[in-house]
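Using the sequences and the hints given, assemble the complete structure.
Residue strings, one per chain:
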Amino acid sequence: MKRAMLFVLCLVCLCPAAWAADLDFTVAPQAIDIHALYNGTTITMTGSVPEGCQVVARFVGAPQNVALKKKGKVFGLLWMNRETLHFGNAPGVCLIAASAPEKALGAAAAELGLSGLAKGLTIEPATAEDDALRTEFLLLKKQEGLYRQDAGTVTLGQPAGAGQTFTAAIAVPSRLSPGSYAVEISAIKDGRVVAQGLRAVEAKLSGAPAFLADLAFNHGALYGVLASVIAILGGLGIGLVFQSKGAH
Amino acid sequence: MSIPMEMYLPIAGNSVNIAAVFGLGGGVGLLSGIFGVGGGFLMTPLLIMMGIPATVAAASDSNQIVGASTSGTLAHLRLGNVDIKMGVLLLVGGVLGGTLGVGVIKALRQMGNADFLINVTYVLMLGLVGGYMFIESLQSMKKAKAPAKAEPARASGPGFFSRLVGGLPWQMDFVRSGARMSPVMPLFLGGLVGVLSAIMGVGGGFIMVPVMVYLLRMPMHVVVGTSLFQILFTCINVTVMQSISNHTVDFVLALILLIGSSLGAQVGAKVGKKLHGDQLKILLATLVLVVMVKILYELLARPDVLLAYVGGH
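Protein sequences, first through last, are from chains A and B.
First residue of the first sequence: 1, per the numbering used here; consecutive thereafter.
First residue of the second sequence: 1, per the numbering used here; consecutive thereafter.
Calculated from the structure, these hints are not laboratory results.
All of these numbers come straight from a predicted model, not from anything done at the bench.
Take these hints with a grain of salt, some might be off.
[As the list claims (entries may be wrong)] Just a few of them, taken from the derived set where beta-carbon distance is under 7 Å, the chain B residues facing chain A:
1. Ile11
2. Asn17
3. Leu74
4. Val249
5. Val271
6. Leu275
7. His276
8. Gln279
C-beta atoms are modelled at their ideal positions from N, C-alpha and C, and glycine is treated no differently.
Dropping the structure here:
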């Protein structure tokens, strides 16, 4: 929990518009339970923003360092994995939904979007084609379903008094590592972020997946032997069923 | 109440459709039962296409092959198709060779050219093995159709290879294989396949089968059974090793696959019995060549994304 708080705090500091007014909203569910039949979920955010604002909602993972192999041609003919590159400041997940197209929202929305994320990526060692590699990185993550610009919907309610209500829904894919994620709402007016709010959402394994992951990561040898024994018994069982069928 | 179709895989960190994985297991198990190959060279790429990380796909596949090859070995034992003595010797050689191969690949990775060597070895081996088997079985199928013609090539006395094999010490009988040879042969050849499969990161069934057919001169049906027997132990070793050092075995994935593939392997063993040795050989050769063309295409065509995760192929 402490780590989650620290992470959210870091995100607040990193945000392009940390100075903007605080925005209150609720998140449901507040935690993601990854059980045996988990197949992705939808995170819903409701609250109100100042009148006349558009809303950008994001579901973002903690920044990570990712080691990737760059593909290149060997002898001008064969595509192979070449040098290793380290991509820094890359969130594991970044899902974005907005109440209007990014282009209509101006500079602040671009910064909150995937293009803004790409600009923030660091690449070690630096190459002459860093910009192209940033685009490739987005492509890789998009293919995995972990980065998405239109990951859900944001609907704005009728203006009432000084504010207007919003409901945002983001579809979270099944490919989600356990850990803490930030759900973030930005209210944008005239190309600027005028209010922003942040909530932490914890994704946790439960039930059978939690048990198996613990066994696999903390008792590897036992896990491997058990997996083999059960596989042998399964194979024998099915083999014997077939034998008795064959005998008749 | 509806039956859940999706299931979360704790190690792969992903959900999959149960029916799709079950079907995939069944299909590859069928091929495994017919040809005596583990099927890793087909299963792993298909799992990656379903969104499973490459390292988890390969390790979990080894886990499921343990089940499929148990089922397949049992079926072939009943049909009298397993030469246990030969299998054990190949296995011992394979384990020694595999250890050597792992050392070789480690050294190559440090030198930095490992990926190139792995890919080129893979394509060359698949091409050579597939091509040779295809041509050879095609010729013997033609011969079988026209039995009146004599066999001039076979009649020209023992060649260098036969004299070499005949000169080795401790000659013994391998009853099931109908052969008499020195145990040095299977030990050495098993070791060679072990080195190659460790370098390529595959089970090696598709190399082992032709080695048994052409170099050990075993009958095709006994080759299939013995190969499955041998693969069973290789894959137990890989499953335990991967679980200990890389934590990449997803047991839930393996279990769904293995139920499918064990069923497939049983059916495959029966289908295989109905086919001729030559038909089996030519079908396996075609399969191997198709995989080679696919890998070659991937090497030559520009990839969609110019970045890849470390550890995958």
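Restraint check, 7 Å cut-off on beta carbons, for Asn17/B near chain A: violated, 9 Å
Given hint Val249/B near chain A, where the shortest CB pair must fall under 7 Å: holds, 6 Å
Interface hint compliance - Leu275/B to chain A, C-beta minimum distance less than 7 Å: Given a least distance of 18 Å, the restraint on Leu275/B is violated.
Interface hint status, Leu74/B versus chain A (Cβ within 7 Å): Hint holds; Leu74/B Cβ to chain A Cβ min 4 Å, cut 7 Å.
Cut-off 7 Å, beta-carbon criterion: hint that Ile11/B touches chain A: holds, 6 Å
Hint check: 7 Å Cβ-Cβ cutoff, Gln279/B to chain A: Given a least distance of 23 Å, the restraint on Gln279/B is violated.
Minimum beta-carbon distance criterion (7 Å), Val271/B to chain A: Since the shortest Cβ distance to chain A is 13 Å, the answer is violated.
His276/B as an interface hint toward chain A, with CB separation required under 7 Å: violated, 22 Å
Of the numbered hints given earlier, the model fails hints 2, 5, 6, 7 and 8; all others are met.
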